[in-house]
Each structure stands twice: as structure tokens, then as C-alpha cells.
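Colleague: Sequence:
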Amino acid sequence: MTYPQTKLALHRLVTDGVVPGVSYSFIDGDRVETGVIGQAALVPQTEPLRPGMLYDVASLTKVVGTLSVVLQLLAQGRLHLTDSVSDWLPQWQDSRVTIQHLLTHTSGITGYIPHRDQLAAPELTAALLKLHVGPTFNRQMVYADVNYIFLGWIVEQILQQPIQTVAQQRVLTPLGMQHSTFTPTNAEQCVPTAVTAERGVIRGMVHDPKGLVLQRRCGSAGLFSTVADLTRFCQAYLRPEAAATVLPPQWVHHLLSDWTPTHQAGRSLGWALTTAQWPTAHRVIWHSGFTGTYLVIDPLMQQAMVFLTNRVHPIAPNEPYLDQRNAVISTYLAEKSRQ
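In the working numbering, each number is its position in the sequence shown, counted from 1, plus 15.
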């Protein structure tokens, strides 16, 4: 297990200045190879990237934390894909939107919230619940954080605890993800994200503005994790029967299906779908985070990749990274077929 071409692509991201640093792992069944490349920080001074550092994984929170808990509730019959959001969140007025719409980003929820990032949590909560459903409802996949913020609030209604507290208790702790947390206590162990006029160097605090406001009630962002812990998560996905109380196998095994209304939008429950070509064409699940993170999981081949970067350091959003990220994924999917 060497993945020379993928490693070369990762090194090129750093040497070409696309990202300051990369932490990664390749998973082949029980075999795991990890590495770090480059810098954790460029400002206020250069700081080498160290193994075991915590990353703000941004939207990986959706699939690691929120989706895992939702799948548990679905398996227990305490929640159903056909439930209307308004059944659980009465302030939300459009009864057409279901749990399945939220999970697949086909809810069509849209709208503009003036001065959103300056609102306090109660005002932001009220504003989000007053958004409306647009023309993409039930037709197109339009990725939006609000879907998983709503899912987090629905979990809270059922379990009577904030989503991040529930995710810690029901996912991170039982999977042995001992370094993962929503509340880092040592900022120096965290890889910094952007430098902003309002917040300075963001380090050890959630980068996402909505996550910063909503705190433990945010199901779309807020998790900090390490390569080792996310490797454990991916391994649990490859063998859900060994972690059945956390990742219900009857649901995990169906995540390679397109769950959108058209069955053609390339989206499962939570995860995005792509294709690997060997030994025959088959689906693979993956998800990314705004800060420069992603997971790729191939259950059929018992393989996965964890890829963590600090692409928004020191300046967000660093859009050239996106094409490079997709190229790395393509290289990995092609190369792992030849291992």
C-alpha cells in the first residue's frame, strides 16, 4: 500500500502553495498508512504540521455526527424519512419538507438573512425557521447548511439534548474517537483556519459563523478531529456490524443508493456519491468540509481515504483548491484500483 501518484498529488498541493499542509491516511482493510506534509500555520509565523493535530473539519460534522445520530433514530423507529419537518419543528410552516429532503439537500430551503453573522443565537434560530422553500424543492440537490441545522434541532426535540452533546455521547465516545471534540481545550494543538479582521487568527474555535453563534445546537459544523480518529470512523463504516449501536448496518449498507427524489442527483442520505471503476464500476461515498477536509469511503473494496488540509489559512475561500481537491480524489480512486 503505497499510493505513489496520490501522495505526489498531495505533495504538489503543498509545494505549489495551494494549501499550507496536509494530513492523510489510506485505509485498506486492517492496514493503515498515515502521513503529514507541510505547515500547520503560515501566520503569525510559520509552524510545522505535527502528527495528531486537531482540524476544524467543518461540514464533515454533518456525516460524522448528525447523520450518524439520525441513522440511529431511524433504525429505532423514533424518526422516519417521511416525517414532515413541521411535525418536529412547529415554527417551520411548510409541511411539504420531510426528513429525507433535509438529508439529501433537496428541501429547496432558501432565503436571505440580513446581518446573519451578527445575530445572537435566538434571533438566528428564528430567522432560519422563517426561510422559505424555493423552486428547486424535490427536484434538485442544492447543498445547504440549513438542512443539517434543522436535523440537529429535530434530534434535540427527540433526545432532549443539543446535537453536539448527543454526537459526543452516541458517536465519538463509543467509536473511541478520543481526541475528537466540539470544544478544544488547547488551541495550540489545533490547526488554525482563516485570519479575519473581526476574529484575527481563528484557532481552536469553530470557523463557521453559524456554528460560532449556535454552538452546541449546530448540526452542520463545529467538530474538531484528527486523522487517527477519522480513520477509526471510516473503519467503522467499512464494518458497521462491529459498531452496530453507532452505525446501524441496515441503514449504512443502503448509503450507496441515490436517495434523492429523482434518484439521479448523485446524493445519498448525507453523503455525496461518486464512482470507482475496479473491479467493476461501483459507487463510493464521500463528503467534504469548507476548511479543506474530506473523507472517501469504498465499502465494496474495504478502502477509504482521510484527507485534511488547512486550505482557508490564512485567507478564505481559496477557490483554486476545489479543482485540485477533485483531481486528488480522481487520482486516488484510479490508483487504489491498481493496488
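Calculated from the structure, these hints are not laboratory results.
Honestly, I wouldn't trust all of these hints.
Beta-carbon label-pair distances, calculated as ranges [what the hints assert, rightly or not]:
1. A349 - A257: 24 to 34 Å
2. N341 - T151: 48 to 58 Å
3. A135 - Q172: 29 to 39 Å
4. T295 - Q184: 23 to 33 Å
5. T295 - A142: 43 to 53 Å
6. G50 - D338: 38 to 48 Å
Just so it is clear, CB atoms sit at the ideal spot from N, CA and C, and this is done for glycine as well.
Colleague: Each hint: holds or not?
Modeller: Tested hints:
One distance hint, 24 to 34 Å for the beta-carbon pair A349 and A257, holds here, with the actual separation near 29 Å. At roughly 23 Å, the beta-carbon separation of N341 and T151 lies outside the given 48 to 58 Å, and the hint is violated. For A135 and Q172, the hinted distance range of 29 to 39 Å is not satisfied, since their beta carbons lie about 21 Å from each other. Taking the beta carbon of each, T295 and Q184 are about 40 Å apart, not inside 23 to 33 Å as hinted.
Here the CB-CB span from T295 to A142 is close to 48 Å, well matched to the stated 43 to 53 Å. For the pair G50 and D338, the supplied restraint of 38 to 48 Å is violated, since their beta-carbon distance comes to about 23 Å.
In terms of the numbered hints stated before, the structure departs from hints 2, 3, 4 and 6, listed from lowest to highest.
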